[in-house]
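**Student:** Here is what each chain is made of, one letter per residue.
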Amino acid sequence: MMSTAPPLILTREQASRLQVYLQTYRRYAFAALLPGTDRNTTLRILQTMQGKLIDVIDQKIAPFHLVLTVEEMTTLRTITTELLTLYAKEPVSDQRDAILVDLAALKASIKGS
Amino acid sequence: MFLFRRRKAAKHVPEWKRQESTTLPEAERRTYLDNAPYLLPKDAQEDERLRFQHYALHHAFSNHYLAPISPDTRTILDVGSGTGIWAIDMAQQFPHAHIIGVDITLTSLPHTLPNTCLFAQADILQGLPFPACQFDFTHQRLLVGAIPASHWPHVVRELIRVTRPQGWIELLEVGTTVQNAGAATERLLSWVRETSQARGIDMAMVTQLGDFLKHAGCQAVEAQDIPVPLGSWAGRSGEMLKLDAIRVFQAMRPRTTMPVEQLDAMLAAAAAEWEQNRASFVFHAAYGRRAGL
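Protein chains in written order, with this note's numbering: chain A, 15 to 127; chain B, 1408 to 1700.
Errors might be hidden in some of the hints.
What the hints assert, rightly or not - List of simulated lysine to any residue pairs, SDA-like, C-alpha gap at most 25 Å:
no. : chain 1 : residue 1 : chain 2 : residue 2
1   : A       : K121      : A       : D108
2   : A       : K66       : B       : R1571
3   : A       : K66       : B       : D1479
4   : A       : K103      : A       : S17
5   : B       : K1621     : B       : A1679
6   : A       : K74       : B       : Q1541
7   : A       : K66       : B       : A1556
8   : A       : K74       : B       : S1477
9   : A       : K74       : B       : G1624
10  : A       : K66       : A       : Y35
11  : A       : K74       : B       : G1699
12  : A       : K74       : A       : T18
13  : A       : K74       : A       : Q61
14  : A       : K125      : A       : L48
15  : A       : K103      : B       : C1540
Rather than coming from a laboratory, the hints here were simulated on the basis of the structure.
Can you make the complete structure from the sequences, with help from the hints?
**Tutor:** In structure tokens form, the structure reads like this:
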């Protein structure tokens, strides 16, 4: 059995935003990265995480406890860093700045978990 | 009477009338379904290509499906199950799920099947033989060559009908868009469009998959055009897709009046362009959830 990391505890809004980030990264990877072992492994892990996240959101009992494996948590940390880099390249706007702050907070919470 | 069938029973299934191509040398003749608008052959050579394509797509898309379905998914439907390979591989990935495949003929199935896989003869154009709200996940891919343009909205509604509320419906298709296409590739794609249209197939329908799902009331719809590299310039995945694409176009040869030599020259020139231009075939993916109760 795979070892699990301490659960991510998310409000409804945080869970929705995490879902958007996971989907955004998947869209980016499909559009911009060549198929290969590393890309595909990351994509499969994110897809599974999305499934788990949607499962807990469907239960409608906030705050949501998202239980991830250590591998999933590591992947989440990696893609959060990559998303920070990607969003940082976008034109400055209030929305972009809000996303950067949110992603930084997410990264910190993963590190702390 | 509606029966689920295993491979050993398939020989008793009423066979679709078949039509053999006669314009090619005997060694290259292919067999096609006569009573269905399907563009591609239905023979052992095509079954082998479909199995190869299954793994090429897995390399290209990282998985056998794209929707973020729950790890606890229990009932899965594959429409246009063909060789059954998608259902069989999904049975490994979801060992606790019941997986049903449907196709208009079951003759391409392997002799042994997982206990959790069942196959039924059904034609999506005539409707699916299931009550409403049966499946957690309904999947259909690469059936554009079998669905006349006017049938698409009905087909999508039917897929949604058999999916349970909050269950997922996924569509994956490829049309006639190639990124970094050169002149030879454009000629080849134009030929594909004309050949398809002559049989009532409009390849452009696949660009509307997300809209079909939204208009039919699906929620959380995600639609994405995914460029898949075509050629050895992109490594193993690109090499596999290039080989598969060439075999698809070759399989369509009997569907046209164009001389074989001319078609083969066009295909060879296009394939060379894919390497030179670092071309990608654009796949169209869409998935969404049936609205809740």
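**Student:** Between the alpha carbons of K74/A and S1477/B, is the straight-line distance 25 Å or under?
**Tutor:** Distance ~15 Å between K74/A and S1477/B Cα, so the pair holds.
**Student:** K66/A and D1479/B were given as a pair; does the straight-line alpha-carbon distance stay at or below 25 Å?
**Tutor:** 9 Å, holds
**Student:** Do the alpha carbons of K66/A and R1571/B lie within 25 Å of each other, as the hint requires?
**Tutor:** Holds, at about 18 Å.
**Student:** Does T18/A lie within 25 Å of K74/A when you go C-alpha to C-alpha?
**Tutor:** Holds - the C-alpha atoms of T18/A and K74/A are around 23 Å apart, at most 25 Å.
**Student:** Mind checking the alpha carbons of K74/A and G1699/B for me, to see if they're no more than 25 Å apart?
**Tutor:** 13 Å, holds
**Student:** CA of K74/A to CA of G1624/B, is that 25 Å or under?
**Tutor:** 22 Å, holds
**Student:** Run the distance test for K66/A versus Y35/A: straight-line Cα separation, threshold 25 Å.
**Tutor:** Distance ~14 Å between K66/A and Y35/A Cα, so the pair holds.
**Student:** Do the alpha carbons of K103/A and S17/A lie within 25 Å of each other, as the hint requires?
**Tutor:** Not satisfied, since the Cα-Cα distance of roughly 35 Å exceeds 25 Å.
**Student:** Under the criterion that the straight-line Cα-Cα distance not exceed 25 Å, is the pair K1621/B, A1679/B satisfied?
**Tutor:** Roughly 39 Å between the alpha carbons, so the hint for K1621/B and A1679/B is violated.
**Student:** Are K66/A and A1556/B close enough, with their CA atoms no more than 25 Å apart?
**Tutor:** 36 Å, violated
**Student:** For the pair supplied as a hint, K121/A and D108/A, confirm whether the alpha-carbon distance does not exceed 25 Å.
**Tutor:** Holds. K121/A to D108/A sits at ~20 Å (cutoff 25 Å).
**Student:** Within a Cα-Cα threshold of 25 Å, do K74/A and Q1541/B meet the stated pairing?
**Tutor:** 23 Å, holds
In this structure, the hints that do not hold are numbers 4, 5, 7, 14, 15, in rising order.
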